[in-house]
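2 protein chains.
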Amino acid sequence: MSDDPIVAIAGVTGAVGAEFIATMDKRGFRVGKLKALASASSAGKRLTFRGQEIVVEELTADSFADVDIALFSAGSGISRKFSPHAVRAGAVVIDNSSAFRMDGNVPLVIPEINANRIRDHRGIIAVPNCAAITALVPLWPIHKVNRIKRVIVSTYQAASGAGTAAMEELVESTRAQLNGQVYPPKVMRHPYAFNLFSHDSAIDPETGYNGEETKVIHEARKIFEDEKIAVGVTCVRVPVLRAHCEAITFECERPISPTQVRDFLTGAPGVRLVDDRTANYFPMPIDATGNDDVLVGRIRQDLSDPSGHSVSMFVAADQLLKGAALNAVQIAELLPQRAMA
Amino acid sequence: MSDDPIVAIAGVTGAVGAEFIATMDKRGFRVGKLKALASASSAGKRLTFRGQEIVVEELTADSFADVDIALFSAGSGISRKFSPHAVRAGAVVIDNSSAFRMDGNVPLVIPEINANRIRDHRGIIAVPNCAAITALVPLWPIHKVNRIKRVIVSTYQAASGAGTAAMEELVESTRAQLNGQVYPPKVMRHPYAFNLFSHDSAIDPETGYNGEETKVIHEARKIFEDEKIAVGVTCVRVPVLRAHCEAITFECERPISPTQVRDFLTGAPGVRLVDDRTANYFPMPIDATGNDDVLVGRIRQDLSDPSGHSVSMFVAADQLLKGAALNAVQIAELLPQRAMA
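Chains as they are written, first to last, in the working numbering: chain S, 954 to 1294; chain Z, 954 to 1294.
Everything labelled a hint here was simulated from the structure, so no lab data went into it. Hints may be right or wrong, so weigh each one.
Since the list gives no way to pick out one identical chain from another, each pair is judged satisfied if it fits inside one copy or across any two copies.
[Stated by the list, open to error] Taking lysine to any residue pairs in the SDA-like style, the calculated list, with each CA pair at most 25 Å apart, reads:
id: 1; residue 1: K998; residue 2: S1016
id: 2; residue 1: K1102; residue 2: G1261
id: 3; residue 1: K1102; residue 2: N1233
id: 4; residue 1: K1139; residue 2: V1227
id: 5; residue 1: K1034; residue 2: E1125
Chain S with its partners taken away, still in its complex shape:
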């Protein structure tokens, strides 16, 4: 692979697609040529990357000749259909969808946790689910020192996780309600203005957990390489635009104090403490938006566990950045060929 790789983005017109471009630009990621790919309906649209106008092309099986790195964020159906073509053409696929995450041949990577797994790839590297990334980045520095046995997570997930159309629906349905108008939901299953609802992925009839929750449970085990970590999670969509929050309670094998957690997280990669009790200032979506770090605060002993093995905290992260595009570009930066350059 060249030092200036040819990069293709599949799903370039989506919410994450736009952040792929912005993140590569911001981080000075070297790109020889950018191929902007999307569905036929978006072909011909124009966008700008580093001052150059780029015309969006239709994503086809033949899109990947000469491509070194293919960033996919167009849903798992598109990833399943087109990433084999990209791999056959010699590209490394970094896939933001759920298509291959639990595939034993596909590394599932959060660089702050398991960058070492990148070298195992056979053409595809998967970016974890955004709710999983948001929880796992700040849990890892603790888990490394004092194994986490059990985690209970409640999410406060933004519209961005459901794409640009969902963000627009939140804005437009809220505007309608403020103007006394009725807005029938089009993208989301339920009214979104000043409302919240259980994540609208399908429910597993056996467990009662929805698709999003099931991803968090399984991906935590794979990324931590700990088949025994027990995760309970409730995923909820709230009327916030683009940063996810999570209330997390975790239980360690040995006793753990809030002071220890603060020590483990201070300076940990991808983590920023926002935990000012006097000013009542803690992680918020508006502060996480546009921020690369997972913000962590409300660190305190979990009073429901008198054994002193449990701590609670509240975290926030930009779903489109660390939850998606940033994590993907971080992986691209660590691809072996580039590291050797």
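Take the given structure of chain S and dock chain Z to it, following the hints.
Below, chain Z without anything else, positioned relative to chain S:
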């Protein structure tokens, strides 16, 4: 006390004050005379109760002559200052503030749980915190059968809990943001439009829990009359107008299944199951708004507890109704003198 008691409302111009009136009206609560009390700045305002115009009077130490029942919802400072006067005048105070909740001489009552404690009152009966009521109403039918040892709650609390001005701030700051205008927060500590934040009550420096969370922890023990129930709770304010939601995970002394929980809650007083996995339809603030019941759904085994002693669920309740005004009027309906009538 007469069958048609003289009822005073202290804080009649607030969000809960308005719901006291609406709830008494809706439930056909017999009222001989209604005294509408508020601060001096609201005196002279007019409101309507059962077709009659009532003039708001300034709340003073002398407001309670002849009053049988005094409903207070004007903050704990006002309750502390004026309810002793009401009691001395012979009224029964039903107080929606936190002023007396943990007082050993004051019953803390959710009628569905401990109506029997009403008779212990010495002039004051306290209405629990709204987040506590929302969690405890659906936990009680389970706790009665299979003792709950541990509860972990994450709240999604509406603006209404911070009063009418907070609801207005949510609306107006959202309108401003949609119009591209800056809205400096006046009532809340943080920007509220499309944002969420940790409940802005003061943090206990010893535990790290905020005031709202501490209320839930202590009130659960008092209402369940179980000093050992261990509660961990994270209270979060979300951009929703008037119904609270909560993600609840609880651990019982003996194994418990989602089917058992569903059985215990079916037909339980104050509870309505909204748990349609096929339609992905679960409790939402917009459905809880104006509804007397606590809506309960997402009932499933907690996968983080392999022992099978834990279940998770998601609940929603109208903060101004069951979380405040309705619970108070239910207590008034059960006052001994009325029950004997």
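Hint check:
| no. | hint | in the structure |
| --- | --- | --- |
| 1 | K998 to S1016 | within (17 Å within a copy, 71 Å between copies) |
| 2 | K1102 to G1261 | both (14 Å within a copy, 16 Å between copies) |
| 3 | K1102 to N1233 | neither (30 Å within a copy, 30 Å between copies) |
| 4 | K1139 to V1227 | between (36 Å within a copy, 22 Å between copies) |
| 5 | K1034 to E1125 | neither (33 Å within a copy, 46 Å between copies) |
Checked against the numbered hints above, the structure violates hints 3 and 5; every other hint is satisfied.
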